[in-house]
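Student: Sequence:
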Amino acid sequence: MGDFMQWDEDVCIVSGDNRDWQDGDEPRTVIELWCRSRAGHSTLLLVNGLSPYVEISDPSTDESSSGSNLSLGRVAETNGVRGEPEPSGMKLSTMDGRVRPHYRVHVRGTTKVRGVRKALSEFGWTVTSADILFVQRLLLDLDLGPHIRASGEVLWAGERAPDEAKTPENTDVGIAEERILSAGGSGVYPLDMVVSCDISGLSRTEPFPAPFVTMSFDLETSIENNTILCAAAVVDRAGERREYPIVGAETEILEKLTEVVRSEDPDFITGYNIDNFDLPRMEERSEYIDTESEMDRATLLGWGRVPINQAETKRGWRRPGRIFPNREQNRVWTIKGRIPLDAWWQARQTLRPQRESLRYVSQLLWPDDEEMQKMDIDASKMDEEWADRPDEVLEYCVRDTVLPLDILEKMKSIPRKEALASVSLTTVDVAATSTTSRWIDSLVIRLADRSGVAVPNTNQGPRKQDKIAGGYVHEVNPGVEPWVVVLDFKSMYPSIMISNNICSTTLVRDGSEDDSHSTSPVTNTRYASREERLGLVPQLLQGLMDSRDRHKAALAKANEEGDEAEAFLQDQLQYAVKILMNSFYGVFASNFYRFTHPSLGASITEWARHNIKEIISKVEDDGDDVVYSDTDSIFVIAPVGAAPMNKPSGGEELERWEDARRATLEFGESLAERFTREGAELEFETALSSFFSHGAKKRYVGRVVWPREEMLIRGYEVRRTDTFQLLSDTMTQMFEMILDGNETGAVDMTKSVIDRVRARDVETSQLVISRSCKGKWNSKKEEWDFSVYKNEDGLPYVRAAKQRIEAGLQFTPGMKVGYIISEPEEGQKKQKKLAVKAWLVDEIGGDPPEYDTEYYAGRLAKSLGRVTEAFGWDEKNLLKGNRQSNLFDF
DNA sequence: AGATTCGCCTAG
DNA sequence: TAAGCTAGGCGAATCT
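Positions 12 to 901 (my numbering) are the ones given, in order, by the first sequence.
Simulated from the structure, these hints should not be mistaken for laboratory data.
Among the clues, some could well be false.
When the alpha-carbon atoms are kept at most 30 Å apart in a straight line, the in silico DSS-like pairs for lysine-lysine are as follows [to be verified]:
#1 Lys843 / Lys873
#2 Lys709 / Lys873
#3 Lys423 / Lys589
#4 Lys624 / Lys568
Have a look at the derived ranges for each label pair, beta carbon to beta carbon [what the hints assert, rightly or not]:
#5 Glu663 / Arg561: 45 to 53 Å
#6 Gly472 / Asp34: 34 to 42 Å
#7 Asp34 / Gly126: 19 to 27 Å
#8 Asp636 / Pro222: 53 to 61 Å
#9 Lys423 / Gly327: 35 to 43 Å
#10 Glu420 / Arg85: 57 to 65 Å
#11 Arg273 / Gly597: 38 to 46 Å
#12 Asp766 / Glu793: 35 to 43 Å
#13 Thr182 / Gly327: 29 to 37 Å
#14 Glu420 / Thr743: 25 to 33 Å
#15 Glu793 / Ala770: 41 to 49 Å
#16 Gln321 / Ile479: 46 to 54 Å
#17 Ile300 / Met106: 49 to 57 Å
Even glycine gets a Cβ: it sits at the ideal position worked out from N, Cα and C.
Using the sequences and the accompanying hints, generate a full structural model.
Tutor: In structure tokens:
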């Protein structure tokens with residue numbers, strides 16, 4: 012037996028899984044951690060030493076009980092239980108607010124947990140901590156985050172492994188495989204290294220930017236028969252890109268693509284719309300191609316980061332082999348050990364583009380780069396294109412794999428996920444593809460385990476329950492108001508949770524009343540004082556607030572020292588903390604979360620409404636006017652006397668303007684100071700030289716003069732992705748003029764735009780409207796199903812989606828569908844519905860459809876008329892088309 | 001013509 | 001099933 016190579020290094024955990032195995036007679040569970048090292052190679056860690064467990068308590072016991080009334084012996088004899096239950100001390104149950112003795116019950120493998128949980132519940136035990144993934148359990152129990160130091164023995168060292176890690180044994184596939192199997196692994200994993208370690212070999216490290224490897228891919232497929240015509244992949248390894256154009260028979264294409272995945276070993280897999288197009292298509296084609304066995308199919312689609320062997324390819328009970336990409340119940344795709352990250356979805360979430368085609372998004376990001384937006388292949392006629400000019404199609408395919416990498420890079424998607432993983436202490440895949448409740452679980456359960464609080468299971472079943480009341484929104488009057496200050500509460504909901512100690516562990520449930528309690532203003536919901544018991548959530552939120560301050564300080568320091576990399580890292584971290592803090596309220600106001608109670612969310616908003624209303628009435632008592640308020644903000648007119656709203660270019664007028672600005676700032680600061688108290692910091696956010704609303708809540712505009720000069724627009728069409736560009740641009744221009752006091756000019760400008768529309772003097776692309784459209788694939792009928800809608804053909808965007816599909820273009824549930832309202836054709840004139848024409852120019856070029864001039868003139872007049880009506884010009888007036896708005900128009 | 005319903009999108 | 005929340009505006013179709 013040769014020597015084992017001892018090894019330790021810093022890695023970032025991409026993803027994890029667990030594997031039950033037999034160590035002789037002993038059932039064991041090993042945790043597999045797929046990691047990227049700080050130095051750049053990939054490492055699979057096989058971690059042994061932790062066994063799955065659940066916790067139990069006897070509901071008939073309480074704080075004074077020395078044992079349980081139910082039989083612990085019977086627990087030990089239950090099928091799947093390992094050994095005797097161990098007392099784990101007195102714990103608080105957040106289900107009933109009682110403290111009672113708890114026991115830890117070890118289970119013989121993760122697959123037995125479900126059965127043990129069921130059996131013990133039937134005996135009358137309350138079972139807790141029973142729905143936590145075993146990988147998550149490792150991070151919780153060892154208090155790890157994604158960035159760890161790992162030390163163990165190198166079982167396998169592949170080509171890209173550091174030379175100093177290599178020995179004759181660990182570079183020999185046969186020997187390595189044997190050693191991996193006896194450490195609980197499944198074979199030689201397709202990573203640079205496989206390292207075996209014990210839980211004692213893992214410890215948390217400071218976050219560092221891991222040099223992840225990303226692969227982007229794209230398929231071109233036949234519209235006639237769905238076959239794959241060609242494919243491309245590009246791999247980004249520390250900024251170095253390698254392109255793989257792939258042609259050949261369909262089987263060959265799939266094999267080559269799979270070979271790229273297995274040899275390049277990427278952590279992230281991206282592409283444009285891979286979730287809904289490329290991955291499902293590959294699954295379908297690989298199943299269609301007649302293979303002898305799942306082992307054979309693995310050569311076509313074995314993208315999972317596991318060895319290709321019988322165990323990994325075999326379909327288990329309700330579970331396909333780990334070797335294949337898999338989509339559970341039509342939801343997100345999982346690829347074991349890797350992270351599928353669809354560039355389409357990321358772009359949509361981050362950029363909120365008006366349209367979502369790859370072409371449109373590229374143009375948005377790189378308006379000057381023609382090469383990136385070039386579209387010389389008609390995707391709706393792919394079969395002909397492929398027959399006529401395969402080289403160009405392949406080139407087009409390669410370009411469409413490069414763009415998603417550039418898009419992710421531009422949006423900093425991957426560093427953001429890594430930062431979120433770091434602050435929420437989860438693996439990177441959980442941060443990237445999971446949901447807010449999982450991030451919060453990671454922090455809350457960790458603290459609960461250390462604080463003697465039992466961890467209940469996630470609430471199952473359909474949601475019923477009444478909605479809780481939300482924030483307060485103040486009425487707003489139509490018109491312009493000069494010189495307004497905007498103040499808002501800093502992190503309002505988190506602050507309320509902290510200062511009132513709101514948590515399921517502190518909620519007073521027994522009706523007791525004590526002066527020390529924190530009592531909500533209207534419903535008198537009570538929470539224990541911090542001194543009596545500091546809530547888990549307030550404790551976590553305070554920690555997050557402090558850590559955000561630390562990251563911000565580190566960011567400032569790094570900027571000062573010119574350390575760009577460090578500044579970037581700290582900025583990502585502080586931003587991730589902000590996101591995470593703001594997620595708490597939503598999760599705790601939901602009704603499925605394990606640590607929630609209907610009172611929690613309701614008390615938070617109750618305090619919020621109380622606080623803001625109290626300030627409004629105090630400000631008004633002082634004689635100042637509150638013009639608007641939404642949830643945590645308040646807009647107050649600054650008493651500055653008569654001063655010009657728009658900045659004069661010089662002279663005495665400019666001085667008066669500057670005096671007004673100075674007085675406004677002083678007023679804002681004085682309000683902030685006056686109303687800030689412990690745990691409720693009211694910040695002076697912005698000063699406006701003018702504020703306008705047409706009188707609807709959540710829709711307003713302001714000219715900001717402090718802390719920077721800009722226009723602030725909220726709610727209006729300008730902000731929305733479902734209006735057309737011309738409306739958005741015209742409205743922006745109109746607001747500029749209104750805020751300068753030039754109301755007549757605004758009306759004239761608007762009228763002239765309406766005239767131009769009527770004269771067909773605008774580009775049709777300025778008139779595209781787009782909205783998200785749902786839909787389900789009906790695999791029996793082989794068609795898209797829009798029956799989620801009560802009246803599918805009554806919705807313009809659904810009609811447009813159907814036209815898209817008809818034209819042979821892709822449709823993805825949830826995608827934004829663009830369309831134009833056109834003149835109704837002769838036969839349709841009687842119809843009351845709008846004549847919709849799908850906008851396909853972005854994808855297949857060609858002539859745009861003719862637009863309906865009266866419809867667009869009407870839409871402009873309606874939206875802009877709502878605004879101008881505030882000073883006497885209504886929709887009808889705008890439509891009159893009389894450009895000179897002088898006195899005679901009235 | 002006004003009211004009602006559905007559905008999307010935004011503010012916070 | 002898996003799942004952050006509520007308040008609010010408005011367009012289009014449809015009903016009265």
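Student: Tell me if the beta carbons of Asp34 and Gly126 are separated by a distance inside 19 to 27 Å.
Tutor: holds, 22 Å
Student: Does the structure keep Lys843 and Lys873 at a Cα separation of 30 Å or less?
Tutor: holds, 19 Å
Student: Is the straight-line distance between the alpha-carbon of Lys423 and that of Lys589 30 Å or less?
Tutor: holds, 17 Å
Student: Kindly confirm whether 29 to 37 Å is satisfied by the beta carbon distance between Thr182 and Gly327.
Tutor: holds, 32 Å
Student: Are Asp766 and Glu793 spaced within 35 to 43 Å by their CB atoms?
Tutor: violated, 49 Å
Student: Is 25 to 33 Å right for how far apart the beta carbons of Glu420 and Thr743 are?
Tutor: Once the Cβ atoms are compared, 30 Å apart, the range 25 to 33 Å for Thr743 and Glu420 holds.
Student: Range hint 45 to 53 Å: satisfied by the CB atoms of Glu663 and Arg561?
Tutor: For Arg561 against Glu663, whose Cβ atoms are near 49 Å apart, the range 45 to 53 Å holds.
Student: Could you check the hint for me, namely that Gly472 and Asp34 are 34 to 42 Å apart, CB to CB?
Tutor: Hint holds: Cβ distance 39 Å, inside 34 to 42 Å.
Student: Could you tell me whether the CB distance from Gln321 to Ile479 stays inside 46 to 54 Å?
Tutor: Hint holds: Cβ distance 52 Å, inside 46 to 54 Å.
Student: Taking the Cβ atom of Asp636 and the Cβ atom of Pro222, is their distance within the range 53 to 61 Å?
Tutor: holds, 56 Å
Student: So if I understand the rule, the pair passes when the alpha-carbon distance is 30 Å or less; does Lys624 with Lys568 pass?
Tutor: Given pair Lys624, Lys568 is violated - Cα atoms ~39 Å apart, limit 30 Å.
Student: Take the C-alpha atoms of Lys709 and Lys873, compute the straight-line distance between them, and say whether it is at most 30 Å.
Tutor: holds, 18 Å
Hints 4, 12, counting from the list given before, are not met by this structure.
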